[in-house]
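Generate coordinates for the entire structure from the input sequences, incorporating the hints supplied.
Protein chains in written order, with the working numbering: chain A, 1 to 440; chain B, 441 to 512.
One thing to keep in mind: the hints can contain errors.
[To be verified] Partial chain B-side listing against chain A, Cβ under 8 Å, derived: (1) V476; (2) G484; (3) P497.
[What the hints assert, rightly or not] Which chain A residues stay away from chain B? Per the calculated CB distances, all over 12 Å, these: (4) H32; (5) E59; (6) E124; (7) G160; (8) I244; (9) L249; (10) G289; (11) P303; (12) L305; (13) H313; (14) E326; (15) P359; (16) R371; (17) Q375.
[To be verified] Here are the simulated DMTMM-like cross-link-like pairs (lysine to aspartate or glutamate), alpha carbons at most 25 Å apart as the crow flies: (18) A:K299 with A:E260; (19) A:K102 with B:E505; (20) A:K102 with B:E509; (21) A:K102 with B:E481; (22) A:K270 with A:D346; (23) A:K27 with A:D51; (24) A:K218 with A:E41; (25) A:K102 with A:E64; (26) A:K270 with A:E381; (27) A:K102 with B:D475; (28) A:K218 with A:D228; (29) A:K218 with A:E314.
Please keep in mind that the hints were generated in silico from the structure rather than gathered at the bench.
For glycine and all other residues, C-beta sits at the position ideal for the given N, C-alpha and C.
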Amino acid sequence: MIPAVLLGMIRGSDAIARALLERADLKFVALHDATARVLTEAGIAHTRLDDLLTPEMREHAVSEAEARLAAIVHALSEPSFRRAWPEFSDTAWATTRARLLKALQRDLIEQIVLVDLVRRCASESNLRLVLVPEDTGRDPKTAIRAAQRLGIPALHVLHGFPYGTQHGHEAVVADMMAVYSDAAKSVFLPYVDDPNRIRVTGNPDWDVYARPPRTGLKEEVCARMGLDPRLPTVALGLTRCSGISVATLGNLEYGLRTAEAALNACARLKQRYPDWQFIIRPHPGGWRGLEGLLEHAQKLGLPPLYVDFAPPHECLAASDVLVCIESNLGIEAILWGKPVVNIVLDTVPAEVFEEGLGPLFTDADAVLIARSESQIEAAIESALTDPATKRRLIEAQPMCLRRFNGVHDGGAMARVRALAQDMIERGEQYRAWGTRREAL
Amino acid sequence: MDDGLRERDAATARSKHPFEVTALRFAANWHRHPDVRAALEYHGVNLGEADEYLLGPEIMNALLEASPEDAP
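Written out as C-alpha cells, the structure is:
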C-alpha cells in the first residue's frame with residue numbers, strides 16, 4: 001500500500017508535498033481545510049481527514065465527550081483536587097472552573113473526533129508520518145499524540161523564528177523537529193530529552209530568498225497591484241495579537257495602535273514624497289481590524305492602499321522597504337536585502353515585546369527600530385533615501401542570515417525532505433520518545 | 441500536589457506576571473491529577489494535555505476576571 005502523510009501545513013504545504021513526490025509515491029491527507037485548499041490550488045492529489053468522518057463517529061464523540069465532561073465536573077468538585085491548587089483564591093477557583101469547563105465543552109468533542117479520525121486514517125491507509133508546522137495547538141498536538149500511540153512518528157517543521165511569548169513550546173511533542181538555525185535550535189533544546197531530535201535544516205519557505213528576485217518579477221507584481229515599479233514602495237506588514245500571555249491579553253489592541261501609528265507616519269511621508277506608494281499586508285493568521293485601518297488611512301488622505309495577500313516573496317519583490325511589528329516577514333525582507341523598519345512603540349507596555357524569549361530584532365540586526373510615530377517616519381525616509389543607512393543595513397545582513405536561517409543556501413527543502421523521507425521509511429527509529437513520554 | 445505534577449514549573453518560571461505563572465502551571469498539570477486523568481484519557485491520548493495551549497489563556501482570563509485590579 002502506498003504510504004500516506006497527514007499534512008498540517010498551510011503555507012508551504014504544496015511545496016513540501018511536491019518535493020516529497022519527487023522522490024516517492026505518496027498519498028497526502030490534509031489535516032485542515034486550509035491545507036486542502038492549498039493542495040487543491042496546486043493540483044496535488046489529496047484527501048481531507050474530515051472526509052472520513054461519519055454521522056456515527058460524530059454521535060459517538062458527542063456521547064463520549066458528555067460522559068467525560070460529567071466525570072470532570074464531579075472531579076473538579078472533589079476536595080482533593082481543590083487542595084492541589086492552594087494558590088487559587090476561592091473567587092479565582094470559581095472563575096477558573098467555569099472557564100475550564102466551558103473550554104472543555106468546546107474542545108473535547110473536536111479532540112475525540114480527531115483521535116478517531118487519525119485512528120481510522122491509520123487503519124484504512126498506510127499512514128507513516130504526521131507533518132505539521134507546530135505541535136502545541138489543540139489539533140496538531142491531538143493528532144500527533146493519537147498517531148504516536150499507533151507508532152506513527154511526527155515531524156514538526158518550525159513555522160516561524162521563535163521570539164516573545166513562548167509558553168506554548170515548553171515541550172517538543174513531535175518526535176522530530178526541523179528548525180532554521182543553531183540559534184533557533186538553542187531555544188528548543190531545554191524541551192527535548194535528546195538534542196538529536198532537533199535537526200537544523202533551514203526554513204524551506206525561505207529557499208526562494210537564496211537567489212535574487214528573478215528578472216521581471218517586480219514589474220509583474222507591481223502591475224498586478226496597480227503600482228509603478230519605478231517609484232519607491234513601502235509595505236506595511238500587520239501583526240496579529242496572539243493573546244496567549246497576560247501582557248497581550250491586557251493589551252489586545254497593541255497591533256492595531258501600532259499599525260495606526262505607522263499609517264500616520266506614512267501619511268506625513270506622502271505629503272513630502274507624493275509619488276511614494278504604499279501596500280498593506282494582513283497577517284496570514286488573520287487581521288480583524290483591517291477594515292478600520294483602511295478607513296483610518298482614507299481619513300489621513302492616503303490613496304487607497306493595496307491589500308496584499310500574495311506569497312510573501314512577491315510582496316517583498318514589489319517593495320523597497322518593509323515596515324513591520326516584530327514579524328518573521330521582516331526576516332524574509334532581510335534575507336533578500338530589503339531594508340526593514342521594526343516598530344516597537346514606547347506607548348505599548350514593554351512586557352508585550354520583552355516577555356518570554358524577548359524581542360525578535362535587536363539594534364544589531366539589519367533593521368531600523370522605531371519607537372514613536374516620528375521615528376517611524378524618519379526610519380522609512382532614511383531607509384529609502386540615505387545611502388549610509390542602507391550601507392549599515394547591508395553590513396549587518398550576514399550576521400542576521402546566520403542567526404535566522406543557518407547556512408541559507410537554498411537547500412532547506414532538500415534537507416527537510418530527506419528527514420521526512422527517512423521518517424516515512426524508518427519510522428521505528430523515531431518512535432521512542434513518544435512512547436517514553438507516556439511513562440512519565 | 442506531589443513533585444511529579446510540578447515538574448514543568450521551571451519552564452514557566454520566566455513568565456513575568458504571577459497570573460501567567462499560575463495559569464500555565466495549572467494548564468500544564470491539572471490533567472495529570474489522579475481525579476481527572478481517567479476521564480481525559482481517550483485511546484491513550486490525554487485530551488487535557490493536548491489542549492494546554494488553548495486552556496492556558498482561558499485560565500489567565502479567569503484569574504484576570506477574578507482580580508481585574510491585578511491586570512497589567
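Structure-based check of all given hints:
1. V476: Holds, about 5 Å.
2. G484: 4 Å, holds
3. P497: Interface hint status for P497 of chain B: holds (5 Å vs cutoff 8 Å).
4. H32: 16 Å, holds
5. E59: About 16 Å separates E59 of chain A from the closest Cβ of chain B, which puts it past 12 Å; holds.
6. E124: 16 Å, holds
7. G160: Holds: least Cβ distance 15 Å, greater than 12 Å.
8. I244: I244 of chain A not clear of chain B: closest Cβ-Cβ about 5 Å, inside 12 Å.
9. L249: At roughly 6 Å from the nearest Cβ of chain B, L249 of chain A sits no farther out than 12 Å, so the non-interface label is violated.
10. G289: 19 Å, holds
11. P303: 38 Å, holds
12. L305: 31 Å, holds
13. H313: With a cut-off of 12 Å, H313 of chain A remains clear of chain B, as the shortest Cβ separation is near 29 Å.
14. E326: Since the minimum Cβ distance to chain B is about 17 Å, E326 of chain A lies beyond 12 Å and the statement holds.
15. P359: 14 Å, holds
16. R371: 19 Å, holds
17. Q375: 24 Å, holds
18. A:K299 with A:E260: Judged against 25 Å, a Cα distance of about 11 Å means the pair holds.
19. A:K102 with B:E505: 15 Å, holds
20. A:K102 with B:E509: At roughly 24 Å apart (the allowed maximum being 25 Å), E509 of chain B and K102 of chain A satisfy the hint.
21. A:K102 with B:E481: With Cα atoms ~19 Å apart, K102 of chain A and E481 of chain B stay inside 25 Å; holds.
22. A:K270 with A:D346: The given pair, whose Cα atoms are some 24 Å apart, holds under the 25 Å limit.
23. A:K27 with A:D51: 14 Å, holds
24. A:K218 with A:E41: 23 Å, holds
25. A:K102 with A:E64: Holds, at about 16 Å.
26. A:K270 with A:E381: Given pair K270 of chain A, E381 of chain A holds - Cα atoms ~11 Å apart, limit 25 Å.
27. A:K102 with B:D475: 19 Å, holds
28. A:K218 with A:D228: 10 Å, holds
29. A:K218 with A:E314: 8 Å, holds
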